[in-house]
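The lines below spell out each chain.
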Amino acid sequence: MINSLVNMKSSRNTSLAFLIVALLCIPFADLVVYQVEPWDELARMGQGLLQPSLPEFSILADSLMITVAFALIAVSGAALIGLLLALVFHFRAVRIFCASIRAVHELFWGLIFMQIYGLSATTGVLAILVPFSGIFAKMFAEIIEQQSSVPHSTLSSRSDRFSRYFYSWLPQAWPQMVSYTRYRFECALRSSTILGFIGLPTLGFYLETAFKQGQYDEAAGLLFSFFLLIASIRWWLHLPWLGRKWIPSYVLVPLYLVLAILALPASPQVYGSSLGQFFTDDIWPRAVLNGGIVASFQWYQHQLLDVALPALWDTLLLSQLALVLTAILVLVFYPWASKAFFPKPLSFMRGFSRTVLLVLRSVPEMIFAFVFLLILGPSGIPAVLALALHNAGLISYLLMRHSEQLNYRSDHATGLNHYFYDVTPRVYPHFLSLLLYRWEVIIRESAILGILGITTLGFYIDSAFEDIRFDRALFLIVIAALLNIAVDSFSRRVRSRV
Amino acid sequence: MFKLDHYQLDNRLNDITLSINAGEKVALLGPSGGGKTSLLNVLHQQSSEKTCADQIAWCPQEHGLVESLSGYHNIYMGQLEQHNALYNLANLIKPLAQPKQAIIELSLELGLDSELLWKSVAQLSGGQRQRIGIGRALFRQQDVFLGDEPVSSLDPVQAQKILQLILNRHSTIVLALHNRKQALENFNRIIGIKAGKIVFDSPTKELINNKYQAGLLDSLYD
Chain A
1 MINSLVNMKS SRNTSLAFLI VALLCIPFAD LVVYQVEPWD ELARMGQGLL QPSLPEFSIL
61 ADSLMITVAF ALIAVSGAAL IGLLLALVFH FRAVRIFCAS IRAVHELFWG LIFMQIYGLS
121 ATTGVLAILV PFSGIFAKMF AEIIEQQSSV PHSTLSSRSD RFSRYFYSWL PQAWPQMVSY
181 TRYRFECALR SSTILGFIGL PTLGFYLETA FKQGQYDEAA GLLFSFFLLI ASIRWWLHLP
241 WLGRKWIPSY VLVPLYLVLA ILALPASPQV YGSSLGQFFT DDIWPRAVLN GGIVASFQWY
301 QHQLLDVALP ALWDTLLLSQ LALVLTAILV LVFYPWASKA FFPKPLSFMR GFSRTVLLVL
361 RSVPEMIFAF VFLLILGPSG IPAVLALALH NAGLISYLLM RHSEQLNYRS DHATGLNHYF
421 YDVTPRVYPH FLSLLLYRWE VIIRESAILG ILGITTLGFY IDSAFEDIRF DRALFLIVIA
481 ALLNIAVDSF SRRVRSRV
Chain B
1001 MFKLDHYQLD NRLNDITLSI NAGEKVALLG PSGGGKTSLL NVLHQQSSEK TCADQIAWCP
1061 QEHGLVESLS GYHNIYMGQL EQHNALYNLA NLIKPLAQPK QAIIELSLEL GLDSELLWKS
1121 VAQLSGGQRQ RIGIGRALFR QQDVFLGDEP VSSLDPVQAQ KILQLILNRH STIVLALHNR
1181 KQALENFNRI IGIKAGKIVF DSPTKELINN KYQAGLLDSL YD
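Chains as they are written, first to last, in the numbering used here: chain A, 1 to 498; chain B, 1001 to 1222.
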């Protein structure tokens, strides 16, 4: 009893602290609507949505295939690497390595690899594979840690680590790992789509083009194809509709992999830097290469104070606002989709809300932000809205599911009373921890939204790459990664408190 | 072999003093929740800190089976240390002839149909799972056997057969049992534990012949 009181108090305090920080952020953030007449644009978009059209079939098929191929190859490779890294995850060096590769966003990796491999399949696959390997390693190691250690206790202590891993830990953790990998594949499809925004020939490339040219009907068509792709995963990853003759996924996945490799686009000739030159020369400032200690110091000081800090400030402001807006939206959204409030077997409200949540969570933030930028003009508002809507879609869905798993008295209250006195207080701790988990992702994403022209870290990184200032770009990417790692460890500390 | 001196474990074990020598066959008797499992865990833990760490076949109450692996692989795990990692990995993918032969023989002795060996253990019944767990401990081929109610889910005839198997293949044995008859018939020393305390610790002969001692045995379950 006392324990739960303390918990309630600390989760209330945490919520209040975040809310107050967000309110303090508002005056400093760039929240102006520049577009004077957003309604015209909005009306044209609405029309496009109602009358979608598809681009040429060959373009659509090609871009869909490449999107899936990048994702599939990258996730397979990353899962395999993650599996091996999880085996040595108890080494601190491995943990740090994994934390740093996953702290850099797929798009930043894309920009880096582009300098070496150009707009090629290698860039597309590596951009997803590298950060995902770090994520897989961490998640797999955590899943393994949760398994029972009793089987392990009956083995000889002289048996080698590798054998114990394959006989005891891995088979126990396998089902969870498979379902996590499947989830990650969905994320990879989103990342792969988004890579189109930096020029790779995936769905996102044509989506961006269609939006930029104002061909909203085509953009809508592409967006619907993307939904179909995500929603149909379960149909083509298991083939259950083939009835008894269905093919197991350990046959299907390798088959798809071969097809994916065949589907990769031909890589154009690249005149960029070689791998060696890139890492030994391009990414270091002149001053460091010349060995001038004072000059190097001055360079870093300038970059840090004049570029990195303002960008960091904007990134933090936006992500803080996005986080709190997400929280508010979740609390508003989740009851409409939950059986706890709409228990009828075929409730229209519930079905409708679930569809909305599905759409919100499957559209990448980047696409939302892009659309809002067109409507509202370049400020912080599109970024905050995009981040909040996407994340609210995801968290509301998870919270809704949680609320349905609770047991309620048969004579429970209804409506607002049920919401305020029963369900919400009970799901609140789970809600906070989901939100804190998502915090790191929101920061990562708000940095990346800069690529669209919002002045977060991504904006400066993208411009540095455009100006061929690799030294500055890399310095800023490192800053972004450090920010991620810091927020991750901070949120872990807050999580353990609430 | 095992030695405890006024051992205390929060409120589960209270002032336990005992020593078990090599060659002894000891049964632990007592009501459930009395401390048998805790005592066995302590003995196992203590020995794994010492040099004899690796000479013990350990058969915990939960069996420690890996659900998604077959019975064959669960038994084979008892000898992981005798082969290199590549051999073990190859055996995981396709059972190798040599261990396959040995494990099929062992399973017959355990009264397990050899077809059952190729099913994942999640599909097996409680008694079958228990025998797979014992199979792993036997496959360790050690001198010392520590087991927590290893034959509790088997019928009396089968239980006796498997107890005999364990007794024949190990020189030192400590087993927790819930069946008095099994303990009296097969072991030469019996320790009674209740509420975390040792109630009696005596040779089986005395428990049978000495009226006072027999009374202690009865009081164990009051």
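These are calculated hints, taken from the structure and not from any lab test.
The structure presented is a predicted model; accordingly, all values stated were derived computationally and were not measured.
Quick reminder that beta carbons are idealized off the backbone N, C-alpha and C, glycines included.
Check each hint, because a few of them may be wrong.
Unchecked claim - Computed from the model, here is a short list of chain A residues facing chain B with C-beta under 7 Å:
#1 S10
#2 D160
#3 Q176
#4 S179
#5 Y180
Claimed, not checked - Cβ-Cβ distance ranges computed for the label pairs, FRET-style:
#6 B:E1109 to A:P248: 51 to 61 Å
#7 A:S410 to B:K1094: 32 to 42 Å
#8 B:K1094 to A:N13: 55 to 65 Å
#9 A:W174 to B:L1009: 47 to 57 Å
#10 A:V258 to B:H1178: 34 to 44 Å
#11 B:S1152 to A:R158: 50 to 60 Å
Hints and how they fare:
no.: 1; hint: S10; in the structure: violated (29 Å)
no.: 2; hint: D160; in the structure: holds (5 Å)
no.: 3; hint: Q176; in the structure: violated (11 Å)
no.: 4; hint: S179; in the structure: violated (14 Å)
no.: 5; hint: Y180; in the structure: violated (16 Å)
no.: 6; hint: B:E1109 to A:P248: 51 to 61 Å; in the structure: violated (35 Å)
no.: 7; hint: A:S410 to B:K1094: 32 to 42 Å; in the structure: violated (55 Å)
no.: 8; hint: B:K1094 to A:N13: 55 to 65 Å; in the structure: holds (58 Å)
no.: 9; hint: A:W174 to B:L1009: 47 to 57 Å; in the structure: violated (35 Å)
no.: 10; hint: A:V258 to B:H1178: 34 to 44 Å; in the structure: violated (57 Å)
no.: 11; hint: B:S1152 to A:R158: 50 to 60 Å; in the structure: violated (30 Å)
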